[in-house]
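One line per chain: the protein sequences are C and L, in this order.
All residue numbers for the first sequence refer to this note's numbering, where the first residue is 1192 and numbers rise by one.
All residue numbers for the second sequence refer to this note's numbering, where the first residue is 6 and numbers rise by one.
The reader is advised that the hints may include incorrect statements.
What the hints assert, rightly or not - Here are a few chain C residues that face chain L, going by a calculated C-beta distance under 7 Å:
1. Ile-1552
2. Ile-1556
3. Tyr-1559
4. Ala-1582
5. Gly-1599
Hints in this document: simulated from the structure, not taken from any laboratory.
Beta carbons: idealized from backbone N, C-alpha and C, even for Gly.
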Amino acid sequence: MIDALANIFTTPIGPAAFAGVAWGILGGALPGISPSITMALLLPFTYGMEPTIAVVLLASTYVGAEYGGSIPAILIRTPGTNAAAATVIDGYAMKEQGKAGEALGISLYSGFVGGLFGLAVLVLLTRPLSRVALAFTPTSYFALGVLGLSVIASVSGDSLIKGLMAGLLGLMIATVGTDPVTGLNRFTFGSPELLSGIPPILVMVGLFAIGELLAQSGEGGSQKAAAPSTRIRFPNLALWRRIARPQLIGSVMGTLEGIMPGGGGTVSAFLAYNEARRWSHHQEEFGKGSPEGIAAPEAANNTVACTALVPMLSLGIPSSNSSAILLSGFLMHGLIPGPMLFVRSPEVINGLYAGLLTANIAMVIVGYLIMTPCLWLVNRPKPYLMAFIYAFVVSGVYSIEASLFHVGLALGFGALGYAMRYFRVPLLPLVLGVVLGFMVESNYRRALALSSGDHLTFLSDPISAGLLGIALVVVIGSVLRHIGERKRRGPLEPGADVTA
Amino acid sequence: MQRDLAFGTAALALSIGYYWMARLIPESQLADSIGPQGLPTTYAILLGALALILIVRSLTVTVRQKLDTAVGIKADTETSRARRATGTLIIGILYIVVVPWLGYLLSLAGLIFATTRYQGGAVNRQAAIVAVSGAVFCWVLFVLLMRIAQPPGLWPSLL
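Isolated chain C, as found in the complex (with noise of 0.2 Å):
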């Protein structure tokens, strides 16, 4: 470690870092542009750079484009990246009370916090860790969805059987393509731009984005949009201890799932925030701007960017789209993953672990001073704010794949989120459905084909029965729940927001 943190003072890595969190952070932010994208933009150009110096730009990216994707989740209810999806339930609540510095506060804060966390499993735990992803099955992958899916019960607001209707809609965009076993074509209308299925990022922008500026054209009147905030707050004392818990919370379920290929920044950031609100002493305060709220899924989603690394550097696996993006970077300059890899270019490896320390630094005073530029913006009137808005979401959406289909598609389900909203349906259990479901899909039917269609399978399988055992106890938890809060309050009150 000592002659990692040498590397900082002694090679280019600090500016790369600074560089790649810097890049990260604007391509997270901008909706549309997933971290993949952006570090796939980043590619070429580290070609013809020093290995270990091309890694850090490209893992430093990584790292701001987790951070990044909070920023317009806060400010515009947009998540920019799949993972801020969570962050979006409260952080836009708070940032609607005008505490849109505090909110990106916190995030920024618990970003650097899940970022070290995630550090030090990669520093410690890379070669043991690397072993409870050799033991994932299609088994365990299915009960990894089936416990993400979990969630719905508990983000459902209100109402329980329009959460489950709104996952079951989510569920049913993605079986849209092509089918995982068969190669059959599903729901594509004769569409080839429907083969590959719908990209989630697509869904969240409509549904969120779209959905949120149709929403509001329709209230008329305020030329200035409501956030008086306009700088950066960090936690004072007492809310630094107050959100340590879910900060530890997002970390240890950023751990958990960056190191099971497959696992991602999405499903870590509910769960997350699914686990922070049952443990925290305010759970009445969530989804109506808890900064825990917050804490939780950011703390996780930046802990996944360094934990995904894991089974990429020591099995050769990438767990994402990012780290297989990071992954071809390592092929390009001639570096092999694996456990060779530590022997054969330590060098690259200490490398890597200083960058990604500089990278978390650099991240909190990248996000620093770009948050007031940033607040200074969604204080402009609120004409100009939403043309802007919809000027970025409709470039975004187009460079996904460059598809004006794709533009259309936004729109259309940037209409559904409009529904949604006015029939009162929580938007994030389709968010987790269309997420979750081809994962869950195919994995199931790998799953039965393996042991010959028997559904014990899945519970012969230990980590999968364990999987399944907590999505037992969560749905449980927040059935039970949901009867409570309903005894306490009566009925849904008219004009209750349950979208989230």
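With chain C held as given, fit chain L onto it using these hints.
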């Protein structure tokens, strides 16, 4: 509760349509025991069942609760809001229609200007400057900086 009834009915119709389309997915020699239709049909049945529960529940509650006059006033407001939201959506659709011809810069400036105006902004020099500078900013960010091509329009073929 009328909203629940409307949502339940729409979801029921969707589940029937989706189920019908799922049944039309052809059989495959490579199919596993579940098949490509397996989970989609299950989702459709579950959605239909939940939609029926929601419909029955909302009908039961509606019978118990007499609608007051405020509902009528609220419905007018909702219609007006939906109309305004539709207008904003149409601006986006128009952007998709014109951008292959006019190109990214011009179309985006048009989208910003139209949205600003539609949201109650004044038609003046400031609005025009914001529209043009907003479009240029996005062009610099996406096309120049991030090297993501945006629709060029017919301009390259004319030059």
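Original post:
Hints broken by the structure, by number, lowest first?
Top reply: 1, 2 and 3
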